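Top to bottom, those sequences are chains A and B.
11 is the number of the first residue of the first sequence in the numbering used here; add one for each residue after it.
11 is the number of the first residue of the second sequence in the numbering used here; add one for each residue after it.
Just so you know, the hints here were simulated from the structure itself, not pulled from any lab data.
Bear in mind the structure is a predicted one, so any value in this text is a computation, not a measurement.
Treat each hint with caution, since some may be false.
Copies of the same chain are indistinguishable here, so a pair counts whether it falls within one copy or spans any two.
Taking lysine-lysine pairs in the DSS-like style, the calculated list, with each CA pair at most 25 Å apart, reads [what the hints assert, rightly or not]:
no. : residue 1 : residue 2
1   : Lys50     : Lys35
2   : Lys166    : Lys50
3   : Lys40     : Lys168
4   : Lys422    : Lys271
5   : Lys232    : Lys277
6   : Lys166    : Lys277
7   : Lys35     : Lys166
8   : Lys40     : Lys288
9   : Lys40     : Lys166
10  : Lys168    : Lys277
11  : Lys50     : Lys232
12  : Lys168    : Lys36
13  : Lys49     : Lys168
14  : Lys36     : Lys288
15  : Lys271    : Lys166
Protein chains: 2
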Amino acid sequence: MTIANQEADCGCFLSAWLWFNKLVKKLMFKVVDTASNAKKLGQEDPRRIVHSLKVGLAITLVSLFYYFEPKFDYEGFGVSAMWAVLTVVVVFEFSVGATLGRAINRGIATFLGGSLAVGAHRLACFAGSKTLEPIALGIFLFSIAAIVTYLRFLPKLKARYDYGVLIFILTFSLVSVSGYHDKEVLEIAHTRLSTILIGSATALVVCIFICPVWAGEELHVKISSNLEKLGSFLEVFGAEYLNTARGAASEQKASDLQGYKSVLNSKSSEEVLANFAKWEPRHGKFRYRHPWAQYLEVSGIARDCGYRIHALNGYLNYKTQIEQEIRTRIQEPCMKVSTECGHVLKELALAMKTMTYPLTIKVHIENAKLAAENLKSLLQANSSWEEIIFSEIIPIATVASLLIETVSYTIKMAESFDQLATIARFKKTNRFAPARIRTGSWKRKRVIPEQNTEIAHHHVIAVE
Amino acid sequence: MTIANQEADCGCFLSAWLWFNKLVKKLMFKVVDTASNAKKLGQEDPRRIVHSLKVGLAITLVSLFYYFEPKFDYEGFGVSAMWAVLTVVVVFEFSVGATLGRAINRGIATFLGGSLAVGAHRLACFAGSKTLEPIALGIFLFSIAAIVTYLRFLPKLKARYDYGVLIFILTFSLVSVSGYHDKEVLEIAHTRLSTILIGSATALVVCIFICPVWAGEELHVKISSNLEKLGSFLEVFGAEYLNTARGAASEQKASDLQGYKSVLNSKSSEEVLANFAKWEPRHGKFRYRHPWAQYLEVSGIARDCGYRIHALNGYLNYKTQIEQEIRTRIQEPCMKVSTECGHVLKELALAMKTMTYPLTIKVHIENAKLAAENLKSLLQANSSWEEIIFSEIIPIATVASLLIETVSYTIKMAESFDQLATIARFKKTNRFAPARIRTGSWKRKRVIPEQNTEIAHHHVIAVE
Chain A
11 MTIANQEADC
21 GCFLSAWLWF
31 NKLVKKLMFK
41 VVDTASNAKK
51 LGQEDPRRIV
61 HSLKVGLAIT
71 LVSLFYYFEP
81 KFDYEGFGVS
91 AMWAVLTVVV
101 VFEFSVGATL
111 GRAINRGIAT
121 FLGGSLAVGA
131 HRLACFAGSK
141 TLEPIALGIF
151 LFSIAAIVTY
161 LRFLPKLKAR
171 YDYGVLIFIL
181 TFSLVSVSGY
191 HDKEVLEIAH
201 TRLSTILIGS
211 ATALVVCIFI
221 CPVWAGEELH
231 VKISSNLEKL
241 GSFLEVFGAE
251 YLNTARGAAS
261 EQKASDLQGY
271 KSVLNSKSSE
281 EVLANFAKWE
291 PRHGKFRYRH
301 PWAQYLEVSG
311 IARDCGYRIH
321 ALNGYLNYKT
331 QIEQEIRTRI
341 QEPCMKVSTE
351 CGHVLKELAL
361 AMKTMTYPLT
371 IKVHIENAKL
381 AAENLKSLLQ
391 ANSSWEEIIF
401 SEIIPIATVA
411 SLLIETVSYT
421 IKMAESFDQL
431 ATIARFKKTN
441 RFAPARIRTG
451 SWKRKRVIPE
461 QNTEIAHHHV
471 IAVE
Chain B
11 MTIANQEADC
21 GCFLSAWLWF
31 NKLVKKLMFK
41 VVDTASNAKK
51 LGQEDPRRIV
61 HSLKVGLAIT
71 LVSLFYYFEP
81 KFDYEGFGVS
91 AMWAVLTVVV
101 VFEFSVGATL
111 GRAINRGIAT
121 FLGGSLAVGA
131 HRLACFAGSK
141 TLEPIALGIF
151 LFSIAAIVTY
161 LRFLPKLKAR
171 YDYGVLIFIL
181 TFSLVSVSGY
191 HDKEVLEIAH
201 TRLSTILIGS
211 ATALVVCIFI
221 CPVWAGEELH
231 VKISSNLEKL
241 GSFLEVFGAE
251 YLNTARGAAS
261 EQKASDLQGY
271 KSVLNSKSSE
281 EVLANFAKWE
291 PRHGKFRYRH
301 PWAQYLEVSG
311 IARDCGYRIH
321 ALNGYLNYKT
331 QIEQEIRTRI
341 QEPCMKVSTE
351 CGHVLKELAL
361 AMKTMTYPLT
371 IKVHIENAKL
381 AAENLKSLLQ
391 ANSSWEEIIF
401 SEIIPIATVA
411 SLLIETVSYT
421 IKMAESFDQL
431 ATIARFKKTN
441 RFAPARIRTG
451 SWKRKRVIPE
461 QNTEIAHHHV
471 IAVE
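Go ahead and model the full structure; you've got the sequences and the hints to work with.
Structure, rendered in structure tokens:
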């Protein structure tokens, strides 16, 4: 019996030990995993580390400021200090635009909310009696909070001023509530405003003058890299689908072929960046009113082009189904269309990056259009396809029509880029180069409805 | 001269008057425009009005609470009142999940941040001298703020706990700063925590018990309506593209055909809703750990299907290019595929809405697969297309292959829905109905690589 008991005890202890061991190992694994993730984040973008140090610096600075300046009213913890520290923590964001937007929103909203609350308090004072005054204040509070909360649903207000509206409600409520006990409301509003201004100023100075991250530049780089990803796909696709290139550099190619996927879902992050960028002052190559909306337009067309590329990507893994004969015949124009469009997109990406007009783009567009016409006429020529089974042509026909669509999107993108270059005053590096794209003539031609049904596809591409 | 002067004066006055008039008109227009927009917002979704009233009520309640309970320490405005009011304003969100998430984040982060700050303060006290203590506190403040700000970049932490981490930094900073002047740090941390809990509780009670808006239900309804939009498109597309239905109810059809577009960019908003939904307790038909991630999977497949539908939509306006002969021949299978897929999607949407297993879905899927096979063999039959010019077939071939792809996505969606129904324990309304989809057999068949190249398209659809 005792031996059995001892064994049971041992078993109990052992299982507890094993459980504990497992838990520790699991915890250790999680900590190591998080640490390695954190390290990766820093390696991916070292600005993240700099940002963290900047936030630490700004908070310490604003706290030291209050330590060395004891003339501010310190009674009751942070009536002043608190708001400045709070402002730094809440306002400091990764990019200058986001920080500026928050700081300006917070400053103006505090001013307006405080003023209105002082006004409401004065108005409530007219009620005279001690019981009526808080009731009047309560009614004001309820109605202002409800109305302004409702206004937050307005899409235009939400996009740029949502934070400001929230702070407006906050300040109005805080100053109103203090009015219940008949404090000096004006002084409270004034203190709150001045401390918030000190906090915002500290955050802004640190954010702008120590390794600033500009939202506008982020957007600029992001859209340029989107164009480059699409271009890389198209450059590789022709060779890869038609299986002419073999062997070397296949890993590089695989990443070229998958890179486009991040373009498909980039809409919301780009809109956020554009909203931030609108707050930013002149910096580097960008003016104050740089046409960020036009960037979004270029990017929208790129995304539409990306959907077609997504469809093209579906045919990459089925290259073995195409017979050698068809492949040989269709190879040349398909490759031509794909690589020329790829060239155009890559050159647009480079031109955007360097903020110049693209140099050789017109030649490539002409080549792409010619190749697309070739491809179409090849598909339209009845005789040359007689001996081939129809079912084999369907995937090729789809690829061809997707490529033809891609050409028309490329042209649209070039047009949109041209508008951007004009508004943003990109540099013309060489005045003899055929830099400007003749937008007008294309547009005119594409609007004319074609009468004959020879042109099979719905995107009519006019060859000049 | 005087007359000329008078005239000049008159002109000046007139132009000023005109300018002022214009300004007033512009302002009036803007006000009227905003008001009509605001009215529309309320008509679109009356819950927005209710939400605004709820926010007003919660703020007034928490402020009244402090008015009638003067036992709280009121010195220096809002040492306590302020935090509770602030918490209500900042925590109260449109849906219960978002509010709960913020409240829980805020509560736990305040507790942790406050505890750590008290610990840091005690540790700094060991330094002994009056000059060393603030320096030690400053170093703590800088390093904690920097490290925790850096951790905010971790994607997992950012998705659900970003607000909590921010509040952690905030509380730690506030309590630390108050330590500079040797206040009773523990008391401050305690007051802050208790007032934040009161504010959170007020916000939560109002949010949950007065007309609650559940993020989970929003997501449920949204994804169900996404499926319905895709289904409506497919149901109408067959008839519309092949131009068999004419005249009546064309406006309804136009909206059916454009509705799918909102599906393409719904990813981020759905992810946000799913994150909120994870915070929500059991409500209505939804358990606490309802499989929200599976909803996102269904929606992801729906979006992939949506990209194909976006491509199909491009062919809608080019129906006149198809010759009567081709149309007559291809009409039947195309219509069949399109309408059957539409039926399946609409039934999935209905089943999701009512949280039951779909009843007749299997029949429709079989029909769609058969029709797709028909379509394929029709396209593969070499003989029947001999007299037709090739270029005319390209758009039809593309439409046909897109429709065939749609069938395979529909099947994937049905499989994914079946998994969702199993995990979420949807009701089986009729045990004799062929409710469950035989997932296994499809999967097995689709994995087997087909040897013959007869099946032209890359999505091999197995007919059971």
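- Query: When the hints from earlier in the document are held up against this structure, which numbers fail?
  - Reply: none
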